[in-house]
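K.L.:
The chain contents come next:
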Amino acid sequence: MRELELYFGPQHLGMVGNFSITLKVEGDRILEATSNPGYLHRGFEKLMELRKWIQNFPMVCRINVVEPDSMEMVYSMAVEKLAGIEVPERAQYIRSIYLELARVSSHLFGLWAYANMLGFDTVAQWAMYHRDLVLDLFEELTGGRVYHIYIWPGGVRRDFPQDFKDKIVNTLHSIGGCVPDYDATFFNNRIFYQRSKGIGKVTREEAKEMGATGQVLRATGMKYDIRKVEPYAAYDQVPWDVPTREDGDAYSRVWVIRDEMIESVHMIFKLLDKIPQGEVYNKVPNPFKWNIPKGEAYVRCESSRGELGLYLVSNGEDKPYRVHFRTPSYPHGLTILEKALKNESIADVGNIMISLYVVAPEIDR
Amino acid sequence: MNSLLKKNLKSAFKGLQIEIPEKDRLIISAKKDTVLPILRFLKDTGYEHLALVSCVDWIEEKEFELIYILSAYMQKDSEYTDREKTNITLKTRISRENPDFFTVIPVFETAEPYEREIHELYGIHFEGHPRQVPLLLERNYKIPPFRKDFDTREYVKEVFDNIPFVEGRAGEE
Numbered sequence: 001m002r003e004l005e006l007y008f009g010p011q012h013l014g015m016v017g018n019f020s021i022t023l024k025v026e027g028d029r030i031l032e033a034t035s036n037p038g039y040l041h042r043g044f045e046k047l048m049e050l051r052k053w054i055q056n057f058p059m060v061c062r063i064n065v066v067e068p069d070s071m072e073m074v075y076s077m078a079v080e081k082l083a084g085i086e087v088p089e090r091a092q093y094i095r096s097i098y099l100e101l102a103r104v105s106s107h108l109f110g111l112w113a114y115a116n117m118l119g120f121d122t123v124a125q126w127a128m129y130h131r132d133l134v135l136d137l138f139e140e141l142t143g144g145r146v147y148h149i150y151i152w153p154g155g156v157r158r159d160f161p162q163d164f165k166d167k168i169v170n171t172l173h174s175i176g177g178c179v180p181d182y183d184a185t186f187f188n189n190r191i192f193y194q195r196s197k198g199i200g201k202v203t204r205e206e207a208k209e210m211g212a213t214g215q216v217l218r219a220t221g222m223k224y225d226i227r228k229v230e231p232y233a234a235y236d237q238v239p240w241d242v243p244t245r246e247d248g249d250a251y252s253r254v255w256v257i258r259d260e261m262i263e264s265v266h267m268i269f270k271l272l273d274k275i276p277q278g279e280v281y282n283k284v285p286n287p288f289k290w291n292i293p294k295g296e297a298y299v300r301c302e303s304s305r306g307e308l309g310l311y312l313v314s315n316g317e318d319k320p321y322r323v324h325f326r327t328p329s330y331p332h333g334l335t336i337l338e339k340a341l342k343n344e345s346i347a348d349v350g351n352i353m354i355s356l357y358v359v360a361p362e363i364d365r
Numbered sequence: 001m002n003s004l005l006k007k008n009l010k011s012a013f014k015g016l017q018i019e020i021p022e023k024d025r026l027i028i029s030a031k032k033d034t035v036l037p038i039l040r041f042l043k044d045t046g047y048e049h050l051a052l053v054s055c056v057d058w059i060e061e062k063e064f065e066l067i068y069i070l071s072a073y074m075q076k077d078s079e080y081t082d083r084e085k086t087n088i089t090l091k092t093r094i095s096r097e098n099p100d101f102f103t104v105i106p107v108f109e110t111a112e113p114y115e116r117e118i119h120e121l122y123g124i125h126f127e128g129h130p131r132q133v134p135l136l137l138e139r140n141y142k143i144p145p146f147r148k149d150f151d152t153r154e155y156v157k158e159v160f161d162n163i164p165f166v167e168g169r170a171g172e173e
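Protein chains in written order, with the numbering used here: chain A, 1 to 365; chain B, 1 to 173.
Hints are computed from structural coordinates only; laboratory data are not their basis.
For glycine and all other residues, C-beta sits at the position ideal for the given N, C-alpha and C.
Don't take each hint at face value.
Claimed, not checked - Subject to a maximum C-alpha distance of 30 Å in a straight line, what follows is the list of computed DSBU-like cross-link-like pairs (lysine-lysine): (1) Lys294/A <-> Lys7/B; (2) Lys43/B <-> Lys208/A; (3) Lys91/B <-> Lys208/A; (4) Lys342/A <-> Lys31/B; (5) Lys228/A <-> Lys283/A; (6) Lys342/A <-> Lys201/A; (7) Lys319/A <-> Lys46/A; (8) Lys91/B <-> Lys319/A; (9) Lys157/B <-> Lys289/A; (10) Lys208/A <-> Lys157/B.
To be verified - Just a few of them, taken from the derived set where beta-carbon distance is under 8 Å, the chain A residues facing chain B: (11) Leu50; (12) Arg51; (13) Arg227; (14) Pro239; (15) Tyr311; (16) Tyr330.
Make a model of the complete structure from these sequences and hints.
P.N.:
Pasting the structure below:
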């Protein structure tokens, strides 16, 4: 049969986000795939070198559109480490609760994308609605729906408003009450099983070789999660488990995402029970005259997609000297995706890409 | 644990500078030609996760610094040890005038897009890299844009101030 070159994205119905893949196909089989990122390259890392430490927050959170909160967290962690700032205990708990809420909202968004792509429009609409309920919580807490800039070096910007705990519990209960519906319509659905079982398989060895983290690795059975490996915020204060699956295919990855959402909700309840009283903010110097001592730091946290790291270098001045984000989608979208697409069918390209949880802005930065 | 690794590294390679700034961090400064053997050594020791390849432009010292950050995957599926907590930073410096380096893809496959990006943004040539083609950018730049001597504001002025008005629009106003 004849070989053809096929452009998949950025203007393609099966493509979620500003990303494109060039496929070399023979009939329906993919012989070779090449990822083309860069449609959303804004050069944030360069721009951050021109702004003061605090002025960088609005940019940091825009690196990953779907989940800005762990970006804020990782930047705050790096600044705290370089400047030697302590964070009060209550703020650590609030950070954890807030990041888990963000994880739930990000996974619901991911579920929207995945369900939509497979043609489960109802489930997609539910997921989007439930994400909106979480965004309502964020709006009350921070004033913003999508970009919050809530985590700050030294703590969080403000304490929980009155009765906010109850609101979190109520919202999560109303989302959790729909889990049986989700299961019946989507996760236990035969069509979903047949569309995703055995598709886009990444074995443990391949995943390790290609730098996978997050769901891609956890779907092969390894409980690798930075929240457990190198605990930050208040993740070591409550007991919780890392959900895994064994097969390493799209089906396993999506089930890991589902189980993780439920685990996050349980974790939020446990954290809310244990949250101590006290300050939420340690004062930092005047941001406009704030010089951070010379040094370098690599910090990492677990975003909803895997290991999110930040390499930050300070020159002893009021601006960062070099910022480099290690985003989980970078190896997932550029190395693993190219490998996983080989010998698959054209109809499964979107399926594999979304199940690998690739989000384009994070790759481009 | 980390001091043992430090000892092993020191005995295997001559002339290494190793710092342990805090409990779970290890910073190794190495010469250009020992980078590949060290990476291989660390990979064999179990630090098989190359998290990041980065580059810093130290313009005053006229040098580029390449940074490799490594950590370890878990050995058993559900047992957390101190080993995974450790982050190793391997640094090496190359001259800014002659920015040639070699690829580490034979040891770490994940380095491929990172090196491609550094080639594009800093203009460092990686010997043996299979596809050093642009990754993120579409325009050709006189100076690779992430270098410190690239002036963002001047570039914006040069490129975007010269875009002419849409035909007729200036006349209508």
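K.L.:
For each hint, tell me whether it holds in the structure or not.
P.N.:
Going down the list of hints, with the structure as the test:
1. Lys294/A <-> Lys7/B: At roughly 27 Å apart (the allowed maximum being 30 Å), Lys7/B and Lys294/A satisfy the hint.
2. Lys43/B <-> Lys208/A: The given pair, whose Cα atoms are some 11 Å apart, holds under the 30 Å limit.
3. Lys91/B <-> Lys208/A: holds, 23 Å
4. Lys342/A <-> Lys31/B: Roughly 38 Å between the alpha carbons, so the hint for Lys342/A and Lys31/B is violated.
5. Lys228/A <-> Lys283/A: Given that 30 Å is the threshold and the Cα spacing comes to 29 Å, the pair holds.
6. Lys342/A <-> Lys201/A: holds, 10 Å
7. Lys319/A <-> Lys46/A: Satisfied, since the Cα-Cα distance of roughly 11 Å is no more than 30 Å.
8. Lys91/B <-> Lys319/A: holds, 22 Å
9. Lys157/B <-> Lys289/A: Between Lys157/B and Lys289/A the Cα gap is close to 29 Å, so the pair holds against 30 Å.
10. Lys208/A <-> Lys157/B: With a Cα-Cα distance of about 45 Å, the restraint between Lys208/A and Lys157/B is violated, given a limit of 30 Å.
11. Leu50: With a closest approach of 7 Å, the Leu50/A hint holds.
12. Arg51: With Cβ-Cβ at 11 Å, over 8 Å, it is violated.
13. Arg227: The hint is violated - Arg227/A has no Cβ within 8 Å of chain B, the shortest such distance being about 11 Å.
14. Pro239: Violated: closest Cβ of chain B sits about 13 Å from Pro239/A, beyond 8 Å.
15. Tyr311: holds, 5 Å
16. Tyr330: holds, 7 Å
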